[in-house]
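Go by the hints and put chain B onto chain A.
There are 2 protein chains.
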Amino acid sequence: MPNPTAAMLVIGDEILSGRTRDANMHHLANALTTAGIDLCEVRVVSDDPVAIQTAAKALSAGFTHVFTSGGIGPTHDDITADNVAAAMGARIDIRDDARAILAAHYDRAGIELNAARLRMARIPEGAILIDNPVSAAPGFTLGNVHVMAGVPKIFEAMLAGLLPSLTGGAPVLSQSLEVQRGEGDIAGPLGDLAARYPELSFGSYPFQRHGAYGANIVVRGQDGAQIDAAMVALARLFA
Amino acid sequence: MPNPTAAMLVIGDEILSGRTRDANMHHLANALTTAGIDLCEVRVVSDDPVAIQTAAKALSAGFTHVFTSGGIGPTHDDITADNVAAAMGARIDIRDDARAILAAHYDRAGIELNAARLRMARIPEGAILIDNPVSAAPGFTLGNVHVMAGVPKIFEAMLAGLLPSLTGGAPVLSQSLEVQRGEGDIAGPLGDLAARYPELSFGSYPFQRHGAYGANIVVRGQDGAQIDAAMVALARLFA
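Sequence order for the protein chains is A and B. So the mapping is simple: the numbering used here equals the position in the first sequence, first residue as 1, plus 15. So the mapping is simple: the numbering used here equals the position in the second sequence, first residue as 1, plus 15.
Accuracy of the hints is not assured; some may be wrong.
Claimed, not checked - Computed footprint of chain A on chain B, listed as stretches where at least three residues anywhere in the stretch have a Cβ under 8 Å from a Cβ of chain A:
| # | stretch |
| --- | --- |
| 1 | 97-111 |
| 2 | 124-132 |
| 3 | 140-147 |
| 4 | 154-160 |
| 5 | 171-177 |
| 6 | 215-222 |
Calculated directly from the structure, the hints in this document are not laboratory data. In this text, all values refer to a predicted model and were calculated from it rather than measured experimentally. Cβ coordinates follow ideal geometry from the N, Cα and C atoms, glycine included.
Same shape as in the complex, but just chain A (with noise of 0.2 Å):
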């Protein structure tokens, strides 16, 4: 059975302007390769309305499941739950459980309950709320989207918390050789070996060091036992 397909949502004018350098997609690659789940799209797209439930409804619509990042904090440039919500087609307004959750953390820190803070307690009708251990406002899933913060320490623990409870297929196996060749004498006889084990994926990433091509071949797939002797083919080839 193939395993589960993902995408991923990044809602972040700060990527895209280039003031901050996105780190959630590469950890969330690892724990999805991890987990089973392949992770096939990643978008990046503005704090827009428009561009916001296009992606959604694009990327729900495809893959199993959606994972965003960014814009659900209390500011007015926070703006994802809400998009999502109409994405998806749900109501959303502040909940009585997601305000209870902060309620709790603000009252334990002596720190008031404000209107903008109650903004993190607006959750669509339907979803199930995600766990934030790091500063208490929950993530959601909605359908098959989860919807988790941006700042890299929060999404990794809502993600931690999270993926348990996601079913996942086999995790995708990989080994590299490191090639002193360059891709272009290694590309002919690469090509066949690909071809002959057509259950495995062949990927070549060149690099060039202290002035000479070589090239990294990775081989991913699900079965061990066929990539250890796709490696050693590759090894007789190229060693």
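Okay, now just chain B, sitting in the frame of chain A:
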């Protein structure tokens, strides 16, 4: 007049699997901001013909420019040129001008221009070559799609040659203020201030340092004097 818009299309199984951390997105975002071209969306797709063609078509129709990264080398998994050509309805074959560039390069290096390397001379009909000062194999511009290499050093060199030929708008200027208070405290007054400057965009990016919450407030726009005025008002509110 609004600035030209742009999207980026990253072709890369190695990024979606978590093996490699993308570097070109951040570089392109900064370069376009300086050039006055608004990067509105980024998509990362796998090394799959349908995924590449679907994304290339959608982005080419939606934005002034599309910049692609990855998949134009000599190996079997380098399928970007053929699929961008298919998406744009252009024929593709080995082109004499690209072949001449490769022949001269490999001749100087005493390396055979074999069938694999010749694949890098596959350029769509009507495309304009993009110079590759690092390793010779050219990128190309087909319609509004600029096809470039994935290796960061080559991507950056190609972009440096390409950008001066594109018409940019006014560079987007930005200033930021670090505030040592939680977003929940600043959200109300910040939202009011943002409403007073509809031509500027106000982003709030929270952080946690030594257990204390703070936020970077970033003000962006094209009118430097207006940004200055907004920063004075911000400092009065939160300093």
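- Within 8 Å of chain A (C-beta), three or more residues of the stretch 171-177 of chain B: violated (count 0)
- Message: Count the residues of the stretch 124-132 of chain B whose Cβ falls closer than 8 Å to any Cβ of chain A, and tell me whether that reaches three.
- Response: holds (count 5)
- Query: Against chain A, does the stretch 140-147 of chain B show at least 3 residues with beta-carbon separation below 8 Å?
  - Reply: violated (count 0)
- Message: Count the residues of the stretch 97-111 of chain B whose Cβ falls closer than 8 Å to any Cβ of chain A, and tell me whether that reaches three.
- Response: Not satisfied, violated; 0 residues make the cut.
- Item | Coverage criterion applied to the stretch 215-222 of chain B (partner chain A; beta-carbon cut 8 Å; 3 residues) | That given contact holds, which follows from 7 residues of the stretch 215-222 of chain B lying within Cβ reach (below 8 Å) of chain A.
- At a Cβ distance under 8 Å, does chain A reach at least three residues of the stretch 154-160 of chain B? The restraint on the stretch 154-160 of chain B is violated, since only 0 of its residues have a Cβ under 8 Å from chain A and three are required.
The structure fails to meet hints 1, 3, 4 and 5 from the earlier list, while all remaining hints are met.
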